[in-house]
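Here's the letter readout for the chains.
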Amino acid sequence: MIGSPNAANAFFPHRHLLGIEALSAAEIERLLDLANSYADLPKDDERARRVLRGRTVINLFFETSTRTSTSFELAAKRLGGDVITMSVSTSAIKKGETLLDTAMTLNAMKPDVMVVRHSESGAVNLLSQKVDGSVINAGDGRHEHPTQALLDALTIRRRLGKLDGLLVAICGDILHSRVARSNIYLLTKMGARVRVIAPLTLLPSNIDRMGVEVFTDMKKGLKDVDIVMMLRLQLERMQGAYVPSTREYFRFFGLDYAKLALAKPDALIMHPGPMNRGVEIDSEVADDINRSVIREQVEMGVAVRMACLDALTRNLTGNAPQESRS
Amino acid sequence: MTPPSLPARPPKKQDRPLALVNARLVDPATNRDETGGILVENGVIVATGAQVTRANAPDDAEIQDCHGQVLAPGFIDMRVQLREPGEEHKETIETGSLAAAAGGVTSMVCLPNTEPIIDDVAGVQFIARRARETRRVKIYCYGALTQGLEGKDLVEMALLADSGALGFTDGLHAVRDVQVMRRALTYARSFDALVIQHPEEPGLANGGAMNNGELSTRLGIPGIPAYAEVMMIERDLHLVRGSGARYHASHISTAAAVEAIRKAKQEGLRVTCDTAPPYFSLNENEIGDYRTFAKLSPPLRGEADRRAIAAGLADGVIDCIASDHAPHDVESKRVPFAQAEPGIIGLETLFPIALEPYHKGAMSLLAALRCLTCRPADILGLPQGRLAKGAPADMVLLDIERPYRIDVAKFRSKSKNSPYDGRPVQGIVLKTFVDGRPVFALEGERA
Numbered sequence: 001m002i003g004s005p006n007a008a009n010a011f012f013p014h015r016h017l018l019g020i021e022a023l024s025a026a027e028i029e030r031l032l033d034l035a036n037s038y039a040d041l042p043k044d045d046e047r048a049r050r051v052l053r054g055r056t057v058i059n060l061f062f063e064t065s066t067r068t069s070t071s072f073e074l075a076a077k078r079l080g081g082d083v084i085t086m087s088v089s090t091s092a093i094k095k096g097e098t099l100l101d102t103a104m105t106l107n108a109m110k111p112d113v114m115v116v117r118h119s120e121s122g123a124v125n126l127l128s129q130k131v132d133g134s135v136i137n138a139g140d141g142r143h144e145h146p147t148q149a150l151l152d153a154l155t156i157r158r159r160l161g162k163l164d165g166l167l168v169a170i171c172g173d174i175l176h177s178r179v180a181r182s183n184i185y186l187l188t189k190m191g192a193r194v195r196v197i198a199p200l201t202l203l204p205s206n207i208d209r210m211g212v213e214v215f216t217d218m219k220k221g222l223k224d225v226d227i228v229m230m231l232r233l234q235l236e237r238m239q240g241a242y243v244p245s246t247r248e249y250f251r252f253f254g255l256d257y258a259k260l261a262l263a264k265p266d267a268l269i270m271h272p273g274p275m276n277r278g279v280e281i282d283s284e285v286a287d288d289i290n291r292s293v294i295r296e297q298v299e300m301g302v303a304v305r306m307a308c309l310d311a312l313t314r315n316l317t318g319n320a321p322q323e324s325r326s
Numbered sequence: 001m002t003p004p005s006l007p008a009r010p011p012k013k014q015d016r017p018l019a020l021v022n023a024r025l026v027d028p029a030t031n032r033d034e035t036g037g038i039l040v041e042n043g044v045i046v047a048t049g050a051q052v053t054r055a056n057a058p059d060d061a062e063i064q065d066c067h068g069q070v071l072a073p074g075f076i077d078m079r080v081q082l083r084e085p086g087e088e089h090k091e092t093i094e095t096g097s098l099a100a101a102a103g104g105v106t107s108m109v110c111l112p113n114t115e116p117i118i119d120d121v122a123g124v125q126f127i128a129r130r131a132r133e134t135r136r137v138k139i140y141c142y143g144a145l146t147q148g149l150e151g152k153d154l155v156e157m158a159l160l161a162d163s164g165a166l167g168f169t170d171g172l173h174a175v176r177d178v179q180v181m182r183r184a185l186t187y188a189r190s191f192d193a194l195v196i197q198h199p200e201e202p203g204l205a206n207g208g209a210m211n212n213g214e215l216s217t218r219l220g221i222p223g224i225p226a227y228a229e230v231m232m233i234e235r236d237l238h239l240v241r242g243s244g245a246r247y248h249a250s251h252i253s254t255a256a257a258v259e260a261i262r263k264a265k266q267e268g269l270r271v272t273c274d275t276a277p278p279y280f281s282l283n284e285n286e287i288g289d290y291r292t293f294a295k296l297s298p299p300l301r302g303e304a305d306r307r308a309i310a311a312g313l314a315d316g317v318i319d320c321i322a323s324d325h326a327p328h329d330v331e332s333k334r335v336p337f338a339q340a341e342p343g344i345i346g347l348e349t350l351f352p353i354a355l356e357p358y359h360k361g362a363m364s365l366l367a368a369l370r371c372l373t374c375r376p377a378d379i380l381g382l383p384q385g386r387l388a389k390g391a392p393a394d395m396v397l398l399d400i401e402r403p404y405r406i407d408v409a410k411f412r413s414k415s416k417n418s419p420y421d422g423r424p425v426q427g428i429v430l431k432t433f434v435d436g437r438p439v440f441a442l443e444g445e446r447a
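These protein sequence lines map, in sequence, to chains U and P. Take the first sequence: its position 257, counted from the start at 1, is 257 in the numbering used here, and no numbers get skipped. Take the second sequence: its position 229, counted from the start at 1, is 229 in the numbering used here, and no numbers get skipped.
Treat each hint with caution, since some may be false.
[Said to hold, decoys possible] Listed next, the in silico SDA-like pairs over lysine to any residue satisfying Cα-Cα at most 20 Å (straight line):
hint, chain 1, residue 1, chain 2, residue 2
1, U, Lys-130, P, Glu-331
2, U, Lys-130, P, Lys-389
3, P, Lys-389, P, Arg-32
Keep in mind that the hints were calculated from the coordinates and are not lab data.
Same shape as in the complex, but just chain U:
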């Protein structure tokens, strides 16, 4: 899942960040430490602005996104990089241009980092094989969304001080979720215990082989958990009968106070957004400032993406200034 190691950079010996699956616990830890330091910097910190000076970052989104592309764009800007965001709608595809044509065209403009989102699993991996710079996977199909898992981990770590030994429930549409897969890899690597809770139509086959416990009953699955991670019901990917109605879904799998009461008293509520209020999460629960860390997740997103851009560009050789690394 990851490009070839670069011995010159022991900090993060991968050319690309394509997924969590191939990262070691130590590498994840280092990324989180770096992100944590960025989270504490003022947003106009001058030293940070030298990190990507002279570097070009292209956000290439084949699938619409507001928060992720904005978050990456801000992260690159706070590090002083030149960043452009391209939303490649189906128009280029209609003209007959393929994914790799687009990638090669942009590659010719010599970006240092390409941040790529695509609706097909494996598409970012394919693209990474054909470009010269580094590639960050900003979400590919149902496969992985590594920066989301990192920002979730950073949010948890800052609240609870650790990941090791925590009990985390990931609830809802696991089948279609790249967020779930990346989080399962990350949390299990870092020593957390993970439960998945969903109706069986929304659980992919053999998910237990990824080291998680499977529940179909929120009342049992939420018992004593430290973290409740809700997933968006991906209504747009529902071709066919996965759940009969959103009403039934909310009744049995939506997070409300009654179900939340089964978790630990101080359990945190997370959601990668965007939320379907009243479908997978009760509006009041989502907005509960004592329990919900959903806004914090968004905030940590920028810090995590700064850390990823920083770590990957340390591997690059080129004209950009190499002095003044913090």
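Starting from the known structure of chain U, fit chain P onto it as the hints suggest.
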């Protein structure tokens, strides 16, 4: 009937007798494995065995010494796609024939999923004409089972069969409507036509791109459950029992399918099946990091199914090995996995991969070659596929021990989509003869 524009056959040289001597004759049709020779006159085998020697050959015969190498019937590949007409940028009958000859395939049957689709007499005649013009290996075709491969209306089965269609199939698609399939089998029974099915329940295959399981979950690729295959076979077996038709399940890939076919054969139903090399030599792990050359239809399965297919070949439940040759250009494969076309080229890897069970000790040489020669010939009703007096002199000379690595760059096929590149194998085709005519000789071998 030869079109007038074609050059006449080279005069007389054809008709000089050919004596292949000092060979190890391996003929699965008669279970014969002995030292001897073969004498060919006018494209037909006229004598076989120990009495065919250099000394006994006719005075005017061309004599070739086989140096003890295996001489076997030419291979009969019952499932290929040649992409002509319609997709000549992927393969043509010319390049496909070159690949076949190099792979030891002397007869092949192409699927009707061309553009236009082979669902009328003109389509069958087109393939026959192009085969004559190319004049390298024997090329046959199946007719579509339903018009336009749409699964609704039957083709003119009897007319197509009269024109030379060897069977009927909707190619890469199963016939979804069970009533249509029932009528197709029932009608086919009237003429004893062979009906060939791609056994996969379409509702379960729809949207899927690989085998369903832990790996598809990890890769985030929609999976096709393995039982989609046996569901379709079992549905069809009821119809076969009801109609008495001849039914052939293509490229089976699961343990459950092997067992279903085994039971059907024990029951006495007229059922046969084949598999393709990837299903006994590779498993789903070949996909690794989204390698589209490992995307097939049916998909590569788990290791337990792979072993079951190998076992089904060894115990004879699986009748044949077909290459399932499916050429695709780079643009069809260098795309995200779910969007990539399924299939691999197979003509030039058919023999060495089919020989792997022999080298592993799982199958005898006769049994392995039977799957490539007389079994498909019998199913298709062809006279070739045997080293018998009076049979067409379609033969291959094989070095069954020679080790080498598969090098796709050297393939004659126009497309290069093979997952076997670099695989170490044993067994190579030295020479190929069609009607006694040399159509291929390995570099360094005398043609």
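### Message
Does Lys-389 (chain P) sit within 20 Å of Lys-130 (chain U), going by the straight-line distance between their CA atoms?
### Response
The hint is violated at about 57 Å.
### Message
Need the status of pair Lys-130 (chain U), Glu-331 (chain P): alpha-carbon distance at most 20 Å?
### Response
Satisfied, since the Cα-Cα distance of roughly 14 Å is no more than 20 Å.
### 20 Å limit on alpha-carbon distance, applied to hinted pair Lys-389 (chain P) and Arg-32 (chain P)
14 Å, holds
When the structure is compared with the earlier hints, a violation turns up for hint 2 alone.
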